[in-house]
Each structure stands twice: as C-alpha cells, then as structure tokens.
Amino acid sequence: MIEMRKIIKEFPGILANDQVSFNVNSGEIHALLGENGAGKSTLMSVLTGLYRPDGGDIYIEGKKTEFSSPKDAVNYGIGMVHQHFKLVQPFTVAENVMLSIKDLKQIYNLKEIEQQIIKQSEAFGLSIDPKAKIWQLSVGEQQRVEIIKLLLLGARVLILDEPTAVLTPQEANALYETLLKMVKNGKSVILISHKMNEVLENTDRITVLRDGKSIGTVHTKNTNEKELAKMMVGRNISDVVEKKSHRKNDKVLSLNNVSALGNNGLLKLKNISIDIYDGEILGVAGVDGNGQKELADTVAGLRMVKQGSVSFCGKDCTKSGRKKRIDLGISYVPEDRMTTGLVTDLNAYENMALKSYRKNHGAFIRWDKVRSDTDRLIQKFDVRLASTANPVKMMSGGNIQKLLLAREIDSDPKLIIAVYPMRGLDIGATDYVRRLLIEQSEKGKAVLLISEDLEDLLSMTDRIIVMHGGEIMGVVNPSETSREEIGLMMAGKRKVDLHES
Amino acid sequence: MNLKLLGNWEIKKTNSSSALKKFGISLTSIVLGLIFAGLFVLLTGKDPLKLYSEILQSSVGSAYGLSETLVEMIPLALCSLGVSLAFRMQLWNIGAEGQFYMGAFGATYFALFFSNLPILVMLPLMLVASFICGGLWALIPAIPKAYWNVNETISSLLLNYVAYFWIAYLVYGPWKDPKGNNFPLTKQFPDSATIPVFGNTRISYAIFLLLIIAIAMFFLIKYSKWGYEIRVSGSSRKAADYAGMSYVKNVLKVMFLSGAISGIAGMAEVSGVLHRLQQTISPGYGYTAILIALLARLNPISILLASFLMGGLLVGGFSLQTSGFPSSMVSMFQGSILFFVLAGEIFNNYRLVRKKA
Amino acid sequence: MKKINKIGVLTLVLAMILSVLLSGCSQESKPSTNEQASKPATEEKIKVAFVYVGPVGDFGYTYAQDQGRKYLESQMKNVETTFVENVPETADAERVFTDLAQKGNKIIIGTSYGYMDYMVNVSKKFPDVVFEHCSGYKTTDNLGTYFNRDYQARYLTGMVAGKYTKSNVLGFLAPFGTPEVIRNIDAFTLGAQSINPKVQVKVVWTNSWNDPATEKTAANSLIDAGADVLAMHVDSPTFAQTAQDRGVLAVGHDSDMSKFAPNSILVGDVSNWGPYFVQVVKEVMDKTWKPTQYFGGIKDGGIIDITPFSDKVDKDFQATVNAKKQDIMNGKFDPFSGPIYDQSGTLKVKDGDKAPDDVLLSINWFVKGVSGSIPKS
Ligand SMILES: Nc1ncnc2c1ncn2[C@@H]1O[C@H](COP(=O)(O)OP(=O)(O)OP(=O)(O)O)[C@@H](O)[C@H]1O
Ligand SMILES: [Mg+2]
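Residue numbers (my numbering), protein chains in the order written: chain A, 253 to 753; chain B, 23 to 379; chain C, 186 to 562.
Everything labelled a hint here was simulated from the structure, so no lab data went into it. Note that the structure is a prediction, hence the values are computed from the model and not measured. Any given hint could turn out to be false.
Said to hold, decoys possible - Within a straight-line C-alpha distance of at most 27 Å, the following computed DSS-like cross-link-like pairs (lysine-lysine) qualify:
1. C:LYS230 / C:LYS351
2. C:LYS230 / B:LYS72
3. C:LYS232 / B:LYS72
4. A:LYS666 / B:LYS72
5. B:LYS68 / C:LYS255
6. A:LYS621 / A:LYS571
To be verified - Ranges of calculated distance between the beta carbons of each label pair, as one might list FRET restraints:
7. C:GLU258 / B:LEU65: 22 to 30 Å
8. B:VAL150 / A:PHE337: 48 to 56 Å
9. C:LYS484 / B:PRO200: 48 to 56 Å
10. B:THR66 / C:ASP542: 34 to 42 Å
11. B:GLN210 / C:PRO312: 44 to 52 Å
12. B:TRP188 / C:SER547: 44 to 52 Å
13. A:GLY573 / B:ILE57: 32 to 40 Å
14. B:ILE57 / A:LYS323: 28 to 36 Å
15. B:ASN171 / A:LYS576: 19 to 27 Å
The beta carbon of each residue, even a glycine, is placed where N, CA and C say it ideally should be.
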C-alpha cells in the first residue's frame, strides 16, 4: 500500500539514507530495525513529510506522491507518534485532540470529540478519559492520546518511534494488543524498536537498516534473534554476558534513613538505607516514578537530603553539593540525557568538558587537551558522529548516550550512577553498555544501576533493591529470586510479608 | 518543514547552512532593509537615493562624520557588550539604560565632590565607581531572579525609570550647579575628571577601554572556565546543576558584570563627552544596545561592528532633517534593518528551492 | 554559535566597506549637483539654520520660533532656511550644530537654553558662522544671545486673569525654576494683583518643557485646588484643553492658543521672533553684526505682545489693559516697579525703583502672593 523506492537523504558529512527501498502492506505490523544511527528515524521523517528526500520516490496505492509537509502526509493517512509527545500539558485530552483536528475543519464541537475519543478508545482498547488533563496522565496514557489523535485524523498508517522505551512491561503489552486490533481493522503499523523479543513476538515483517542502507526485509516467522542481530551489526553477537561478583568489603556509599522531597514538594524518598560496596553492581527495580530518580539525584548531590545522612568512603557528605561529589568521584548518567546530562546546543568536545573543565589551574580551559581527549574517547567508545564541531542534538539517540557514558566513565569515578542507561540503545550498544558497566565493577568501581528491564537487573547485578512509593520493599539476590517475587514487590508488597505468607 | 509557496518554488528547511550562505543572507538582509525603508521614503515623495547618500555622507563620508560615529559607538558598544553577557546566560537584562545612568551617577559623585584629586587618581576612581554602581543596579533584579526565579525582564526594565528619576532628583536638587541659573545641570567637571580626547574630535580615550573590554569578553566567553559555565547555564540550567555549577552565583556574577559594563558606558559619556551630569544623558543607548547585541548574535567583535553601523545611523539621523527628511525616518531605518536581519535568520534555516517537475 | 558569529562579523565588515564605497560615490557626485543648483541662482543665497528642542508642531514655544523662521523667509528673498527639530540637549546637539555649520549655513540659531555649552564650543570652531542663542547668557566673538521681555506681556495677561477669577486662585504650570520662568510667574502675579489684591497664584512644577501627560495632570490638580484661571510656561497648549474640559478659564502663552480652547482662553502673550531674525540677517549681510545680548520688549516691533482678547473680556477692561500696554511701550510703566516684596515679606524693590535687567535675568525669588516654592540647589 505504501512503497518507498531508493530514498536518499544526506546530512552534512553523512548519508543517513542510501537508496533505501521499503514497503508496507495494509493489515501488517512492520518493524524497522537497525543500530543507533542506522537511519530509521530519518527514513520515517521522509515518509511523514518532515524531510524532503534528496532522491527516490514515494508511491501510495501505486501512485507517485510528494509531501511538502507533515499535514500533507496526514492527508494521505500517514501519521507518526514521535518519541517526544506534542501535547499541551494544561489542556484536557479532548482539547488536545481538538487542537490538532481543527486544522482539518472536520469537527468543532468538544462534546462530539469526546464521544469520538470514547468510540475510538473502545474500538482499540485505548482506555482514556477525554476530560483528564494531560499532566495528570502517565507516559503510557499520553502515548494513547497521540495515537487517538492520529486515528481521528484518519490515519491508516501509524508510525511509532521506539514506543515501548518509556513504557512499563504492562503498558507495553497493552500497546501491542491495541496495535493488533488496528491491523485487524486493515490499518498498517510501522514500528521502530530496539527490543528484539517484542519485535519477534508482535510483528509480521522486519526490515533491517545498517549504515543508511537497507539490508533486507524478512518475514518474522522465518527468522530469529541471532539472524537479525547479524543483519544489524554485520557480525555475530555473542550471547549474554557472564557476570561474576566482584564485590569487595569496602563500603563506598551508605545512606542512613534518608528522606527527600520530590520536585512537587512532596516526600518522594522515605527512610532509605542502603550500602554499596567496591566492585558491586547494585540494581534498583521499580515501576517508573516510585522514587528511583530522586534516589539517583540524592546520591549524585543534586537533591538535598531532608532527613538522614549520606556518607561516601566513610566520610559524611550529607551537606556537600554536586560539585563536591563530582570531586569525590561520583559519576552520574542521568535519565534525561538531552537537557541534564548534555547540553545539546553545544558540540561534542564542549560537552566532554562538562565535568573536567575545572581540572586545570587558571581561569582558562585547555581546549586543546579537551579536544584530544574527546577524539580519543570517540575512538575508544565507537561514537559515530559527522563532526565533533556539530551541536550534539544532530547526533542519533544511541550515539548521544555513548558520548555521555564515555565522559562519565573516563573521569575514573569510584561510583557510577546509571539511570536507564540502555534505553533507546540498539542491541550492539546495549551489549556494549552492559559489558562496560560490568568491566567497571571488575575494576573495583561501584555501580548503582536503575533499570526497568528485569532481565538486565537479574543478569548484571550483585543485589537488587525494589522500590515502591519511595520506600524500599526489600533487597534480593538475583540468583535467589524470581521475576514474580520482584514483580510483587514492585507492586507494593514487602519482602518480609511475602515470606511470612 | 516545507511551507508552500506560489508557483513551483517552495521553502525548505535545511540543516546545512554554509558559511557563505549565512554571510550572503546577512548582507542581503541589510540591503533589503535599506531598500524597504527606501520604498517608504519614495511614498512620501522624497528621493531615497539622496537619503542614503545623506546618511553615508554625514556618518562615514567625512572625517568629522566618522569621528562622530565613533563617539556614538562607544556608549552603544559598551552597553551592548554588557547586555550580551547576560543574554548569553538567557538573562534578559534590559536595564542597560538604567545601569548606564547609575554608572554616570557614580562617576559624577567623585567628579563633583573630590574635584581636587589629580587626573590619574580621579579617572580610575570614577571608573571603579561607575563599575560598582552599574553592577549593583543590575544586581537588584538579579537577586530575586537567582533565589526565587522572579522574571528579570520586567524588573530590570522598571529600574530604568527609577534610575532616570534618581538622576533627575539629583540634577534638579542637591547636585544642581548653584551658578547654573537654576537649570537642571551639575557644574562642569574639572579637567581632572575629564577623559582626554583625540585631537579636536570628541572621541575620548574611553575607546581604548571599549576595545579592551570587547577583546577580554571575547576570550572570557570562548576560552575561560567562567565563560563556559555561562554558556552551559544559558543553554540548560539542569545541565549546569548537573555539572556542579552554581546557577545562583553565576546569575549574580553575570548580572553584576553586565550592569557594570553599562555603568562604565555611563562614565565614558559624562566624563568623556558631556563633562557634566544632566537630566538626559542618553538618547536610549541602553535600548539600542539590545538590538545591537541581537544583531551581532552576542559576539563581542560583531558588536563593535554593529555598534559602528548603528552609531552611523544615529549620526546620519539629524543631518537627514537638514535635507528635508523628517527625524522619524532614522528610527524607521533602524527598525527596517532589524526586521530584515531577524527575517534573514529564518532564511538561515530555510531555503528556496525549485520543485522538481 | 562559533561559526555564526564569524559570519556575522564578515557581514558587517562587508556592509561597512560597502557603505564607505557608496559614500565615496556620493561624494564624487556631489559637486556636480551643487553646480547645477548654484548655476541658475544669480545671487548667492544666505543660509540660515534653526535648531529646535521640540517639534515645530508643538503649537507653543518651538512653533512660535518656527513662525519667526517662516516670517524671515517671506521677508527676505535671498535667504534659505532649514531647521532641525527634536534635538535633545545631549551630546547630539553639538553634532547638529557642527553639521549645520559644515553644510554652509552662515547663521545658526539655537532656541533652547540647554544648547549653551555646545553652541559655545561650536562657535569657536567656526569663527565665520554667526550663532544666535535664545535665552542663554554666554557669548563668544560670534555667538550672541536674544530674548524678549516676555514679562511685560505676562503682566498684561496677569491683569486679565486677576479680573476674571472668582475664587481668587490662579494656577500656573511651570517647567523648571529658571530665571525666565520665575520672572514670568512674578510678572503674572504682579499684574493680577494690580487688579485684584486678594489674588493668589499656585505653582505646580512639571519638570519638563514638553510633557502633555504631566501637564494635564498638573492642570487638573490646580483646578482641584481651586484655581479657576490657568496659565503656564511650558511648550504645549494641553493645559488650555484641560481648562476648557473642566469649565475654567485660561490665558495662553507663546502663540495664539484660542483655537485649542475658544471657551477658556481669554488672552495670551505671543512671541514674534521674525522681525529680530530679519534684523540679524540684515546685520550679517551688512557686516555690522556684533555678538550682543538682545533683550527686546513690547516697544521693539512686537517681539513680545498680547493676542487679541476673547469676547469674554469686556470692552472697558480691554481698554484698561491696552492703556497699560501703551504705558509700557512709552516707558511710563515697568511691571517690576517697587515696592515689590518677596514671599517672606522682604522688600526686594524699593518704592520708586525698577528692578534692573541683571536682577531680572537672574531672578530666583517669588513675589508675595505666589504659593509654591522654587526647587532649590
Ligand atoms: N538533523 C540532522 N542533521 C545532521 N545529521 C543528522 C540529523 N538527523 C540525523 N542525522 C544523522 O543521520 C544519521 C541517522 O540518524 P537517525 O536519527 O535516522 O538514526 P536512527 O536509526 O533513528 O538511530 P537511533 O536508534 O539512535 O535513534 C545519524 O548519523 C545522525 O547523526
Ligand atoms: Mg531514532
């Protein structure tokens, strides 16, 4: 139903799409796989009229078509849910929907829209309250609003860019049920994802991109993880990393009955006590929003402790701020890479100086040294970018993360806090980050790993603490626990209660 | 994003603005601005070519005009360097006018009440006083901004009026020249409180100060640790916190220095040109400086050039009248150029392409 | 950011080079246009320039000066005039005077007190140009001053105000406490008291020569304080409109303001600078001009006078005022004739004496009957 032929898209210094051909049938879920920077987002931006291709054509129902704006594409029934939603926070769901369809002069009445929303949500299992305000909704619910918007605009082809990266496992399952219902109704779905198992379970066909070129399209039922990985990276990916414990007996960090407030002024951390040892990877499990980010901020020195104390290598540092803790050797890979961990308006080497710029004496930064350090790290960590002089926002999502990790590890810290470090990374890169963190623990560094991926937690960590409502529900040993046990604790059951019953 | 346009041309968003293209666009913008303003001149039945040549003639076409353009450039460029520093950190200090007046106030205090000091003590003392007064004045909106995130735009603007009326109070009241027939002027500064000038021009040695500050600013922003902190804080406050930079301290420091530089401009004007304090010492330098800073995209060296341009327009403005053009025409010229330069910004990101047939 | 800035620099450099080039072209073309312009003229025209602090359309002070310029042009065939308006009393002013001198103006007239120092500076640089400064007190070899005895007309309009007040309170809007303003307020008060000894003059300071918004507020506050006839010494006719809106009377200043408030304006003083400008030009042409401090009165060709009376002023009283005007003209009477007491009751001008010019030009005290104080140093 849609066919892209020999699409070429060039950015300065990089061929993001190199003669990519790609087609989607009606009634199928088609996955787009590829490493970070392979050109997936670019290809979809071409399809939705956001970029104009430098070469190649798009055919819809056999007719050659040209889009000059995303609105054009929507008129042809093509819509995209971007990773960053475009919703107006203080407005209700219905008002947001109205904003986007007002342009098309179809419906104006808010009541009518509310009914339409309810109708669509019932048809596709997208339960949502049209009167709810956006800021009250979870990320998953906001995503549903985006999807409903596209449905009401008459989209027949939905493109989702890494939709499950921000969802809890339950939300992800619900999303796939919805998508299934939609293709049964004759719609098509294009799905960009790095999560191999999801792709294998839920799609009909898979197209793999590598370095801007299309490697091929396969039927999902005829392929497996290994083959896909090979198509993506061009070589075999070794199996799951073997993890041995390198935990030593020296305490690096200890929190004693720490409480802290969230951004909204409410208590987000309640009486947390944990110790992390040299060479240990301590995992933190929990449903997003249960205090993990506040925990990371508190350890990093970005959030003041309301009660309790923090000590690092045996010395009290409850009162010391972020700068002091950087000097102490606490590295931090924050969840929010684009505005916290990096300054996307600045270029790569300016970003690499973000923590080291104070190092040398005097009032000036040794930019020559920063530059050579940056070049070295880009080599070492295989960060792919067109030029270190370009603003970081021009880099692909995965490479941005690599750059950030490179900086945080290179500063030779004693403790690395990593929040969702694998989010949005391709299998190669995920694998790389896993190895990197384990390698750090082998070198005697402590790692505080906050993740939503239980597989990762179970395979990489020495201990896992489970958080719910700002409290620790219990600490488990990966080799002695089960996904079920962790799941129950994430839902608010204490470990002691579990074992009493 | 592609916008539809008439015919088979369309506007296309580009991420690739070559240096040459940007250069061409900025140039075209200025020329278009001049042409656009010229059309209005034509509408009033006057000859725009005569007007262009009049402006050029009087601003750069003669030694005197050139020297006067430099005289205007000094306060414009200093104030503009001041605001550009704050703008770097996304602090919208639009109080340069008030900081200019307060700088003049600080300098005048020493000129009037320590008039026996030798020039080599007097001028540095006046400089320091203007620096501190301008800086403290900018600190007033900076403190609520730093600690309680109170918007600095409005508070810095309102303080302009306070400064203006403070000077008014002084020159109508306690600082009025007793022998000045009751006119709102202080007495003339002693020679020791007057910045020397070049030959028989009105260009004072403050121009050296301007050059030093511009160059220092360039290195500060580009190579220094503090300049780096300013740039990071300006792009993302979260990133600044993350890197352990003290946002609060930087807001205070940046605003102080920003105001202090405008304060120096005030000293340069009263001590270098006017030689006394009076009710009105600026025809809006502090406001024009904002336009200049934006025009120059905050680059200190570009600010020098843009100030020269604006200074020339100001100088040309009054001679326009002697040729029969209304005085408001210069304001229109400034507005027109600025409008096209900002519009040109858009063309830095979009380009006109012919649709494939 | 880095890249963009380099380009910004380049652009501006190029723009500047371009501007210099263009100015070079225009310089080349200039002589030819001058030749063309001068050829048909048989006689060299003398160029006279005027520098105004306000707009010519202020219908007050600057308007009156500009009427003088127009009069000059109409009277003398071989005079060419230009003017520059809205010139602030800042560093800009010096440039405007220099510019005008460089453009070949032979006589340059500055009409605002604040131009004084700048005119002194520029006059020294252009010894061949004649400068005339209104209301100043500094002169050089080629800078003279001129002013009129506005207090004479003030006395007469004060008489009218004194006659028609019912509340015995007159209101006066004053910009600054300069001798000129104080002299006018004093003369106005003396004139009013000559008709109505109980009269009191309330003064409000607007701190600006031209600030219609403040003037309106000030006029309202005077009316609220009981004034039923208003006068002023600022540049715009705003106060008269306010007076008319509020149903009180007013006397005008500088130009005939009856058209702005026909129901309120009783009479006004009017400055008529034209004849003086003609005189200066003639002297310059005859090479007899000298820098003087000209201070002309009613008798000097109407450089200061009063406007026609409104119908509200009855004919007999008009005759009384006109008789007083005659007395001033032929020297039988002077408004500042003793005894004059200041606000504190100190005798300032003895009975039988007249205040000499140097006292009038630096007067800094209010006469008895004025309520309000002069902003002091
Ligand atoms: N606006 C842009 N300007 C310059 N280069 C760009 C731009 N957008 C993308 N690129 C480059 O094009 C290449 C492909 O990027 P794209 O975002 O399509 O990758 P992706 O497959 O979506 O990767 P990821 O999985 O990391 O999101 C990358 O090298 C990227 O740096
Ligand atoms: Mg992408």
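Numbers of the earlier hints that this structure fails to satisfy, in rising order: The structure conflicts with hints 1, 4, 6, 9, 10, 11, 12 and 13, although it agrees with all the remaining ones.
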